[in-house]
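Enquirer: For chain A, the structure is supplied; the task is to place chain B on it using the hints.
So the protein sequences, as listed, match chains A and B. Taken in order, the first sequence gives residues 1 to 129; the numbers are from our numbering. Taken in order, the second sequence gives residues 130 to 557; the numbers are from our numbering.
Certain hints may be false.
Looking from chain B toward chain A, a few residues come up when the C-beta cut is under 10 Å (computed) [stated by the list, open to error]:
no.	residue
1	His131
2	Glu338
3	Ile345
4	Glu351
Rather than coming from a laboratory, the hints here were simulated on the basis of the structure. Ideal Cβ positions, reconstructed from N, Cα and C, are used throughout, including at glycine.
Each chain is listed here by its residues.
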Amino acid sequence: MENTKSKILLVDDETDIIILYKMKLEKAGFRVSTALNGEESLVIAAKEQPDLILMDMKMPIMDGITAQKRLRADKETAGLRVVFLTAFSDPMNLEVDKDMLIGDGVLGFIKKGVSLEEFVDEVKKYLSI
Amino acid sequence: MHRILERQIKHSLGDLKLEEISNEWKTFLIAVSDTYTHGDQDRALLDNSLELSSKEFVIINKKLKEENIIIEQKVEERTKDLDQEKTKLKKILESMTTGVLFLDNNGVFSFANNAILRILGVEDVSATMDTFLQFFSSISSPEYINKALVGESINIYEVEVKSKIYSVLFEPLEIETGVFGVLIWINDVTEQKLLDRSKNQFIAIASHEMRTPLAIIRGNAELLLDDEIIKQNTEQKEGIKSILKNSIRLLGIVNDFLNVQNMEENKKLPKKEEVNIAEILQNVINDCQPMKVTKGLYIVADSSFTLEMPIFIIDHEYLQQIAINLISNAIHYTKKGGITLSLEKHADSINVLFTDTGVGISPEDQLVLFKKFGTGKSFMKTKEYGSGLGLYISSFLAEKIGASLVLQKSEIDVGSTFCLTLPLTLAK
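Only chain A is shown next, with the shape it has when bound in the complex:
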């Protein structure tokens, strides 16, 4: 399958989340690179050109929404696709710029706490869009 060779950039400030999801995604056959905050993700995204960026929303130094804005603003990364990885139950209810949460490179959300199987299924679903 073409999908399973896809490159994924995983961005989260929780190293435990990084370790867990990286392990599971690699087991499922993906190539995974990681970043610990939004700022780091910009550099790696530009260099690696991943097929999908799994972006945490709440991170120190630079949050996910700001990183997403910056990705759009840079022509090198403007075409990359982002899925927000979040522990918020209703991200659309957050008091943030709604335009940054839908459309324009953002494919959707994956909620933290779903089973690893569901997590991989979601990633595959977003890759096939």
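Expert: What follows is chain B alone, placed relative to chain A:
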């Protein structure tokens, strides 16, 4: 002979000697004289009675005057009392922290208390109405006043003006003859709302912060259960399974908290869509099957599901969520047997019955059943338990779509039946 008659005869006939006239004339004169005498007597009687009634009149008049004085005194007292009552009422209205504005039956401003002047920042009372309309220009007050004038009470729970939050109530004042005015109550609810918001924010943050560690625990337990060495070691496998099960349970509780919070905050109205209730419920039953695997329970729809049912115009997600909550609740509290769903047709409603063979609910627990966190004492008896929000959420959702949820019957160690009533007014 009557003296007047005597005088009249003397005047016109001169001295008349009775002996000189005929007997007939004599008889006639005597009769005339008698008539004069009778007339005198009648007049005397009349005079007498007139004198008597005028005396009586004087007495009655005196009495009346006396009574009038008493009445006047009483009226004065009552007026004083009334004035005092009025002053008291006014004092009460004045000292209230709630702003009160009174409009007469034509919707014309007639009274405002100090609180409202303070809230609106009005110095000249006559400007109250205009200032009120300007101050709350974000709500359509004239429309609400008109509605209140025909007896409708309208409550605006939250109006934000100049970084303060107010509630505004338009209340018709009615007596038997109809509406005689409108009271507008204005409350500054800023502190309550801010407290409410910070409470909700706390729940949101706490739940968010709990979800990430729980996701890590759950995920790692899942990874470990996939490991070949662990798969062969029963003891370790059971331990990790337990970690997994409990992390999922905690995630469920966190989700419940967030659901309640979202639900209570949600100002969106439920969707209106055509719903085949039997189909939706059958899907829920299918989705719930994995939940009971470890216990060997059954979850089934009985033969009533083949009956033809009306199509309802409701939000299918609400019905789905109510059914999931009720079934998963029943699973939690049922050790053997299972859960049966059935549909009942009534003249004005369709009832959905959720019957389990579980631990049952004691009468005292039934009292708190639908309250927030109302798991009751049976909470202590079962191994698995939830956040105590399931039934609260379910009845809240039922109400939102115009349905109602009640406990139809329950017997300890026999089971319980919950009844969701969908009125036919919701049907297509």
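Enquirer: With chain A as the partner, please determine if His131 (chain B) meets the hint condition of a C-beta pair closer than 10 Å.
Expert: Given a least distance of 120 Å, the restraint on His131 (chain B) is violated.
Enquirer: Please check whether Glu338 (chain B) passes as an interface residue: C-beta within 10 Å of a C-beta belonging to chain A.
Expert: holds (8 Å)
Enquirer: May I ask you to test the interface hint for Ile345 (chain B) with respect to chain A, counting a Cβ-Cβ separation under 10 Å as satisfied?
Expert: With Cβ-Cβ at 5 Å, under 10 Å, it holds.
Enquirer: Regarding the hint that Glu351 (chain B) lies at the interface with chain A, is the smallest CB-CB distance below 10 Å?
Expert: holds (5 Å)
Checked against the numbered hints above, the structure breaks only hint 1 and satisfies the rest.
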